[in-house]
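With chain A held as given, fit chains B, C and D onto it using these hints.
Residue numbers (this note's numbering), protein chains in the order written: chain A, 17 to 331; chain B, 17 to 331; chain C, 17 to 331; chain D, 17 to 331.
These aren't lab readings, by the way, just hints derived from the structure by calculation.
Hints are not guaranteed to be accurate.
Identical copies carry no separate label here, and so any pair may be met within one copy or between two of them.
[Unchecked claim] Here are the computed lysine to any residue pairs in the SDA-like style, where the Cα-Cα straight-line distance is at most 20 Å: (1) K127 x Y153; (2) K127 x A293; (3) K314 x P134.
Number of protein chains: 4
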Amino acid sequence: MKHEYVPSQYFRTIGSHPAAYEVTAGEQIRVHCIDAHGIDGHDVQVCAPGNPMSGPIAINGIQAGDVLAVTFAQIIPLRTHGWSYPTLAGNVVDPEYVPHLPHQPGTALPKEYWDYDPAQQTLRSRGTFGQVLTLPYEPMVGCFGVAPDRGEAISTATSAAHGGNMDYRHFTTGCTIYLPVFVDQALFHIGDGHLRQGCGEIGGTGVESAIAVDLHFAKAPMARIQWIRAEDAQYLYAVGNARPLDQALQHATSEMHRFLQDCGADTHTAAVLMSQAIEYDIGNVFDPAYTVACKIRKEYLASHGLRSSFRNTMG
Amino acid sequence: MKHEYVPSQYFRTIGSHPAAYEVTAGEQIRVHCIDAHGIDGHDVQVCAPGNPMSGPIAINGIQAGDVLAVTFAQIIPLRTHGWSYPTLAGNVVDPEYVPHLPHQPGTALPKEYWDYDPAQQTLRSRGTFGQVLTLPYEPMVGCFGVAPDRGEAISTATSAAHGGNMDYRHFTTGCTIYLPVFVDQALFHIGDGHLRQGCGEIGGTGVESAIAVDLHFAKAPMARIQWIRAEDAQYLYAVGNARPLDQALQHATSEMHRFLQDCGADTHTAAVLMSQAIEYDIGNVFDPAYTVACKIRKEYLASHGLRSSFRNTMG
Amino acid sequence: MKHEYVPSQYFRTIGSHPAAYEVTAGEQIRVHCIDAHGIDGHDVQVCAPGNPMSGPIAINGIQAGDVLAVTFAQIIPLRTHGWSYPTLAGNVVDPEYVPHLPHQPGTALPKEYWDYDPAQQTLRSRGTFGQVLTLPYEPMVGCFGVAPDRGEAISTATSAAHGGNMDYRHFTTGCTIYLPVFVDQALFHIGDGHLRQGCGEIGGTGVESAIAVDLHFAKAPMARIQWIRAEDAQYLYAVGNARPLDQALQHATSEMHRFLQDCGADTHTAAVLMSQAIEYDIGNVFDPAYTVACKIRKEYLASHGLRSSFRNTMG
Amino acid sequence: MKHEYVPSQYFRTIGSHPAAYEVTAGEQIRVHCIDAHGIDGHDVQVCAPGNPMSGPIAINGIQAGDVLAVTFAQIIPLRTHGWSYPTLAGNVVDPEYVPHLPHQPGTALPKEYWDYDPAQQTLRSRGTFGQVLTLPYEPMVGCFGVAPDRGEAISTATSAAHGGNMDYRHFTTGCTIYLPVFVDQALFHIGDGHLRQGCGEIGGTGVESAIAVDLHFAKAPMARIQWIRAEDAQYLYAVGNARPLDQALQHATSEMHRFLQDCGADTHTAAVLMSQAIEYDIGNVFDPAYTVACKIRKEYLASHGLRSSFRNTMG
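Bound-form chain A, shown alone:
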């Protein structure tokens, strides 16, 4: 790959920081990312905890008002282990169930470590807290986004229209994400790699590790969007970030209705089809803003003569 970016500094906000690396729309780049606690692939703490981001990457050919398409071509683990918290967050259970959690919210949490087995493509917990568990290796990117509007610098603990800490398990290899662009060159940030994560990130972490991500950038053939969209082999997605869940879902559902109209559906067709065919995923229900994805199978669009992909015409 022509471009490989190994950061020497990190940001804990996504904002209009000075560009750390520059590419051009149509190009690929491999970006190295440390984990959510600032620990790199050699187990060295190189930065304070709190989702430190690699970037910003400035993308020539992308301007404010455009939609940026970012494809995750490959996710490469930079360590053979990751860690997770061995409890559930206080806000994902009933208030009266909080005293029954294995660790109380608001206290310092220990880490359960997981080992990555490349041959089996599995993660195996060490069983420090409870049984040894073996689950499939399914890496994903927890946090990424572009510089937000009006000069904001938004903490990487949270998310909004610009992206951020969405912790959505389907933001993984093979996914193309469409982001609204607020500043020229977009200023893309990325980090918070997970070797796996359940829906909702309900323990407050995935299996946290350092990763490298191969990214492909393009200008999407799409007019202004209000919330992040995405596609992979099977689905189109519209993603809302807000608290409470109800509002994140409202954002995602409104955006999907607009998205389907961009696919050629009239307003009635979009509504009738959504009513009977959409699915929702909960990205995270832990961070200050929650993430809800509204998705629809591409086959339901293609079979009705509607556009089902926006990737084929991109550079």
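Just chains B, C and D, lined up with the frame of chain A:
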């Protein structure tokens, strides 16, 4: 089948109404249900709209404090068509997007009809509102439950710990649902058949039709539960009903943590596994109470020596 | 007073139960109520806990579709003491603050007793948990309502359009409450007396006691309402019951906009005035449904030639 | 006054921007502020709309980790008129009521103007939308705060722990606000003056105008706080900013429980007193984050020997 129940009256609350039919735990029964608007399989309106229920069915051998297992053995459509609303509900989109919906909330809504093709196993809309659409036939039961606690009679518009109008698309053929029992004989109600439905029931309806459901009742080998649990071939489920979504999710997540302990996991193992392996579905985000399901693949339990089914030991 | 009703049985749902006492619109009645735990004025437990209601009282001259006006003419304590829980509810604090509460949610709670001093018009806690505290005696009625629609019998733990467990401190002496009527004779229930309560009932109780309430019933000169309205010397109120708070507030705000139009304001005037003049109270943020009141000073209506009371024309 | 600051530039985020003016703890300063749309006291648009802030003001003697006390000594209108929107926001009414609002959400809104009468101390609307209305002049400051943690620059549309767009009508003359300080010199921002506002800012605006504010800064005698606290002649306040309302209330309630312990109450006393004596106000229910204040009368603290003010010992 020994038992077949064709009601002559219906209830629009789930409560301690006089038993309409009596069976014994271990038996099967076929129950006929009219649609959500009170229209039967012959297109005759036999009851006022509002999710009229067939039942209550009294189950001998089930007592207050037990857990009732109900298996949906088969769902049979009683009409070759169903109907849905051709818009999205006001509460599932952003307030400022409401004016862009094809029909305004609070107004009388027309119906889009869908025809069922048994050969293709599809539903085909008539295209009165937008394009003709063809989607898979995937029938489900929108509303069912047992008589609630303390003598309540709860509207079938909504749901709570006793069940009710959950509108969850995975409550379908092959699913066994575990309900907390509050009164002797449980007093089971059922109705609101859908020939298909997207997640969330975001238009306010599935494809509404009259159906018959073959049910099998048993006493579940489970101590007191707080929220509905379920299992099918692939998943174990814990289901929370409440508004907002956040609280429905808290109920479901708390119940899953208890469920996994009933499967043999210790509190840490249950939390670590849930963190990295659960999935959420949104049953409905339309009714007065919303429904969220927290589910986990049975294979993740079985592979770790945990119990993954409660069906095998039932009568 | 002509009518005095001392119940011999109580209901823990508000529903279409057989009338326990009958009056006619325009009449007054004194109703005796036991406390939320079923304990009467002689400290005898006469009923299971859970907000047992006195009633239903059938009111001749009131029909389904009418609006019932109930005035609380006087509240009389039937004991010289009351009790409250000495902690805060889990759902009113941050999840991570739950471990810092003096008692954990989900555990059995002890009671702090308070003595009523009629001379000083104060309540004085006994200081079993923390300091002795002295606060003004400000009695109120926690739970009341009419039989709901479609045959529902709704738990007195919660509230809805029919009233119920609203726990709103301004439902007190001198207040006239307007309730939508769903069944002939309205079937009014009342109970859950508090000698005082902070906003939100955030500990789960007011100062709970047995009380008698002098009620005056009338047919309100008002067309169909969707949510409870009220008035006292200073304010007009619109009250929404729902969870979350956001939805309770939406109900209350919508109803106030309709209320002001019944007062003679056009839609713009109502909106402009509300924007700059309404106040919100949180009735309770503890029960399954929360209660929010939207209120406006009567003087702001009268000074603009708008109707500011609906009491003067009632029988 | 020694210090008077008339800005020549404005920020639409609250962040670690270069200090625009410098004072020392213990000093007063008069700060001029333009209105929410960037219009100054001469009706000249000097900045883009969106709550442009005056500042940041650097306060010598205040360091990260301190608590900053800001007293609003005086609010001076810089125009004799203000403006408001003549409708209600879409999110404060039921979704099905949205079509009944005088203007639809998401559309460009006209302005209703109000004239300030210094003699009468009133505001009088011009009646362009509905009737002419006269309401008391009750000026307040909609948006102020200190530079947030971890280098964030947060939009002045919203609010968080650092303050921001709280739109709380009791942040007015005579109020002392206690803010957590995240960076040395605090970097205080202020703007968004309202000549009056109802609770909730439910139309999306108060009566918006340019104002000057006389501020007094001091180091508060208080250890680290998590959410803003305040006091005026009658009340102590704890203020939570979040969406939904439920979470804003949780923040405020948790902070009040801590605040009362700083006043000398033990955990039980704080809980029992709060249960029976606190009141809630809704600051705003319009902005991306909502604001809820939990308040308690100072007399209830003083009468029990608890500290009821933190102003007397400040420089």
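Status of each hint after checking the structure:
Proximity of K127 to Y153 under the C-alpha cut-off of 20 Å is restricted to the intra-copy arrangement: shortest distance 19 Å within a copy versus 46 Å between copies. Taking the shortest Cα distances, K127 and A293 sit within 20 Å of each other only across copies (17 Å), while inside one copy they are farther apart (40 Å). For a Cα distance limit of 20 Å, the shortest separation of K314 from P134 qualifies neither inside one copy, at 31 Å, nor across copies, at 24 Å.
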